[in-house]
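*Asks:* Each chain is listed here by its residues.
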Amino acid sequence: MFDDFLFRALIAGIGIALVTGPLGCFVVWRRLSFFGDTLAHSALLGVLLSVAFDLNISLTIFTVSSLIALLLLRLQKTTNLPSDALLGLLSHSSLAVGMVILGFLSFIRFDIMGVLFGDILSVNVNDLLAIWIGGAIILLVLWFIWKPLFASTVNYELAEAEGMNPERVNAIFTILLAALIAISIKMVGLLLITGMLIIPTTMARNLSNNPKQMVILSIIGGLLSVFIGLYTSFEINTSSGPTIVVVALILFILSLIGIKKRNYG
Amino acid sequence: MTNNPNVLVKISNAGIQKSGKWLVKDVNLEIHRGKIVTIIGPNGSGKSTTAKIVLGLHKKIEGNVQTFTKKISYVPQKVSIDWTLPIRVLDFMVLTEDLKPQEINDALNLTGVDHLISRNLRDLSGGEFQRVLLARAIAKKPELLVLDEPVQGVDFAGEVALYGLIKKISEKLNCGILLISHDLHVVMSATDYVVCLNGHVCCSGTPVDVARDKHYKELFGEKSSQLLSIYEHDHDHVHTADGDIVKENV
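Protein sequence lines, in the order shown, are assigned to chains H and L. Its first residue numbered 535, the first sequence is counted upward by one per residue in this note's numbering. Its first residue numbered 388, the second sequence is counted upward by one per residue in this note's numbering.
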């Protein structure tokens, strides 16, 4: 059964949707979508390093993205530049440095489109293992830090005053994001991973009135996008990553009808 | 060092500087179990900063802060809930500690907002929100309760009732309370000790002592202590615009 590429793609997609749902909620609540983009862009550097030095791709992306995230936290403390400027700096420099390195690696056949937009149909059994084991670890860690992370999202100082450690859980959350990007680049690509994090979540926001409901709905939204997106891309022969994101967008638009009803009806 | 088991927090000569300017300095105060300490002072006098020093939220401080409890509840001056975060009163009540439904209901009942339990935080009025903040803080049964302007936006009758409630809570839970207010009148009856702040401790003592103090009158105007008998004493310093003390020529 795992020989069938479409089946592998489906299993991979389900695994990723289960993780992007809850992480995406925190990304939206904490206004980190640009931050997610920055981590994703830095993943190009990771991909190229892994190709150049023949390293494990997921681990290399994870390491590079985590380093960029820690660098950002450090820069935020030592400079007076606002966060969005720092993010832009890191995001575009890592993308540019990645592309320059790619120039040096002209002897390697390299599918840049696959890295940018994902190539779900090339997912192999090793990738599946990375997604499901990595995803399970991410969800487990998130489960453990849920309460302090949520409390510090609502009010940082209140959480800190009442004995939680917001700085630590924020750093852990950042590393979870880097890990998610590492396991999902191959499937959705670095330009679209933030879309998978944000779009089902914003759809869920339109339909929910408490945090748990929003997490569950964004998981459902992600799963639906994967199911419908994969099926459609297979039927009409479009690339699967973008198709999944387009389905998520359509679900978001439909959810606007729900919010209108709630506000006016 | 202190050996008094009733002391929850002791801060001595505490202060904090930001880009070369003192936000607050030379603050000494103790918070005891079952007692209410109120900090009053004009805007920008360092009231919230002092509360945050007590809570350990400021890292680079001068002086010494000793905290003898970990069961702390905090009502910040301002809590804003982002639209992207759907959160009901019920979810907010268990933000930092899991509580039984009964405990949640009792606390909300005390502050008079138990009917709002399944409402969204963003849909509450300012006064309702303050009552929910207070309910959440007391539901945890803390040993130390820090309240930064807890009755802002609450109507006058509610204000008096809530201060009465705060007094009752300090007795019932035997917890120490640090209360920040800019209005001594209403908090008077519910306070054991008052610290009057204007960049540093201007005067401190029982509410009656403070209301009679020359410095208090300077800060809040003669009217604010009219109801109390007037007590004069020599004052040997004046304040510059940023709160520094200048010795007057005697």
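A hint or two may mislead.
Stated by the list, open to error - No farther apart than 20 Å at their CA atoms in a straight line, the calculated lysine-lysine pairs in the PhoX-like style are these:
(1) L/458 / L/412
(2) L/465 / L/487
(3) L/447 / L/422
(4) L/458 / L/528
(5) H/746 / H/681
(6) H/681 / L/446
(7) H/746 / L/487
(8) L/412 / L/457
(9) L/446 / H/611
(10) H/681 / L/487
(11) L/405 / H/611
(12) H/681 / L/457
(13) H/681 / L/458
(14) L/447 / H/611
To be verified - Partial pick of chain H residues on the chain L-facing surface, computed with a CB cut under 7 Å:
(15) 563
(16) 567
(17) 691
(18) 694
(19) 695
(20) 700
(21) 701
(22) 702
(23) 705
(24) 741
(25) 742
(26) 743
(27) 748
(28) 749
(29) 772
Honestly, the hints are just simulated from the structure, not real lab data. We put the beta carbon where it would ideally sit given N, CA and C, even for glycine.
*Asks:* For every hint, state whether the structure bears it out.
*Replies:* The hints, checked one at a time:
About 27 Å separates the Cα atoms of residue 458 of chain L and residue 412 of chain L, which puts this hinted pair outside 20 Å; it is violated. The straight-line distance between the Cα atoms of residue 465 of chain L and residue 487 of chain L is roughly 27 Å, outside the 20 Å bound, and the hint therefore fails. With a C-alpha separation of about 28 Å, the suggested pairing of residue 447 of chain L with residue 422 of chain L is violated against the 20 Å cut-off. Of the supplied pair hints, the one linking residue 458 of chain L and residue 528 of chain L holds, its CA atoms being roughly 8 Å apart against a limit of 20 Å.
With a C-alpha separation of about 12 Å, the suggested pairing of residue 746 of chain H with residue 681 of chain H holds against the 20 Å cut-off. For the given pair, residue 681 of chain H sits about 23 Å from residue 446 of chain L by alpha-carbon distance, which is inconsistent with the 20 Å threshold. For the given pair, residue 746 of chain H sits about 18 Å from residue 487 of chain L by alpha-carbon distance, which is consistent with the 20 Å threshold. Distance restraint check for residue 412 of chain L and residue 457 of chain L: the Cα-Cα separation of roughly 25 Å exceeds the 20 Å cut-off, and the hinted pair is therefore not satisfied.
Restraint check for residue 446 of chain L and residue 611 of chain H: satisfied, since their Cα atoms lie roughly 13 Å apart, inside the 20 Å limit. Taking the CA atoms of residue 681 of chain H and residue 487 of chain L, the gap is about 16 Å. The hint holds against a cut of 20 Å. Only pairs whose Cα atoms come within 20 Å are accepted, and residue 405 of chain L paired with residue 611 of chain H is accepted, the gap being roughly 15 Å. Our distance criterion of 20 Å between C-alpha atoms is met by residue 681 of chain H and residue 457 of chain L, whose separation comes to about 17 Å.
Restraint check for residue 681 of chain H and residue 458 of chain L: the C-alpha separation of about 17 Å stays at or below 20 Å, so the hint holds. Distance check on the hinted pair: residue 447 of chain L and residue 611 of chain H sit about 14 Å apart at the alpha-carbon level, within 20 Å; holds. Interface hint status for residue 563 of chain H: upheld, as the beta-carbon distance to the closest one in chain L is roughly 5 Å, under 7 Å. Because the closest C-beta pair between residue 567 of chain H and chain L is about 10 Å apart, greater than 7 Å, the hint is violated.
Taking 7 Å as the C-beta contact cut-off toward chain L, the hint placing residue 691 of chain H at the interface holds, the least distance being around 5 Å. The beta carbon of residue 694 of chain H is positioned within 7 Å of a beta carbon in chain L (closest approach about 6 Å), and the interface hint is therefore held. For residue 695 of chain H, the shortest C-beta to C-beta distance to chain L is roughly 4 Å, which falls under 7 Å, so the interface hint holds. Because the smallest distance between the Cβ of residue 700 of chain H and any Cβ of chain L comes to about 10 Å, over 7 Å, the interface hint for this residue is violated.
Interface hint status for residue 701 of chain H: violated, as the beta-carbon distance to the closest one in chain L is roughly 10 Å, over 7 Å. At about 14 Å, the closest approach between the beta carbon of residue 702 of chain H and any beta carbon in chain L exceeds 7 Å, and the interface hint on this residue is violated. The criterion of a C-beta within 7 Å of any C-beta in chain L is not met by residue 705 of chain H, whose closest approach is roughly 16 Å, and the hint is violated. The closest approach between the C-beta of residue 741 of chain H and any C-beta of chain L is roughly 10 Å, which is over the 7 Å cut-off, so the hint fails.
With 7 Å as the threshold, the beta carbon of residue 742 of chain H comes within range of chain L, its nearest partner Cβ sitting at about 5 Å, so the hint holds. Checking residue 743 of chain H against chain L: minimum C-beta separation of about 5 Å stays under 7 Å; hint holds. Given the 7 Å rule on beta carbons, the hint for residue 748 of chain H holds: about 6 Å separates it from the nearest Cβ of chain L. Restraint check, residue 749 of chain H versus chain L: the minimum CB separation of about 10 Å is more than 7 Å; hint violated.
Interface restraint check: residue 772 of chain H against chain L, minimum CB-CB distance 31 Å, threshold 7 Å, status violated.
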